[in-house]
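**Student:** Make a model of the complete structure from these sequences and hints.
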Amino acid sequence: DTLVDADYAQNGTNWQWVAGTGVDSNMFVRIMAPLSQSEKFDAAAYIRTYVPELAGLDEPYIHDPAGHGCRVEGYPEPLIAHREGRERALAAYKAMKGE
176 DTLVDADYAQ
186 NGTNWQWVAG
196 TGVDSNMFVR
206 IMAPLSQSEK
216 FDAAAYIRTY
226 VPELAGLDEP
236 YIHDPAGHGC
246 RVEGYPEPLI
256 AHREGRERAL
266 AAYKAMKGE
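Per our numbering, the sequence shown starts with residue 176, numbered consecutively.
Treat the hints as calculated values from the structure; they're not laboratory data.
With beta-carbon atoms standing in for the labels, derived distance ranges:
#	residue 1	residue 2	range
1	ILE255	ASP233	23 to 29 Å
2	TYR221	GLY260	18 to 24 Å
3	MET207	ARG246	24 to 30 Å
Every value quoted in this text rests on a predicted model; they were computed, and no experiment measured them.
Glycine residues also receive a C-beta, built at the ideal position from the N, C-alpha and C atoms.
**Tutor:** Structural data, given as structure tokens:
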């Protein structure tokens with residue numbers, strides 16, 4: 176449940192690197208696509224365990240209920256479409272780099 180060899184600086188930056196949210200020396204911008212990650216790497220086991228509002232849905236609805244026109248009580252609608260958020264993030268990164 177806890178890290179027994181905690182190094183706060185290293186652990187924090189490593190978690191950011193693993194999540195693709197940290198500032199590192201990569202030559203590319205890594206923006207993960209949550210839907211494709213869910214469909215490729217989770218046979219809905221994680222969702223069924225940790226998202227009880229979606230646990231009763233069948234595939235492919237369980238991965239993207241809103242994308243299939245499903246409204247699930249107690250489960251929020253997406254705040255922003257992933258593609259739009261990705262484009263906005265890339266534009267912000269380019270602006271910060273002066274491109």
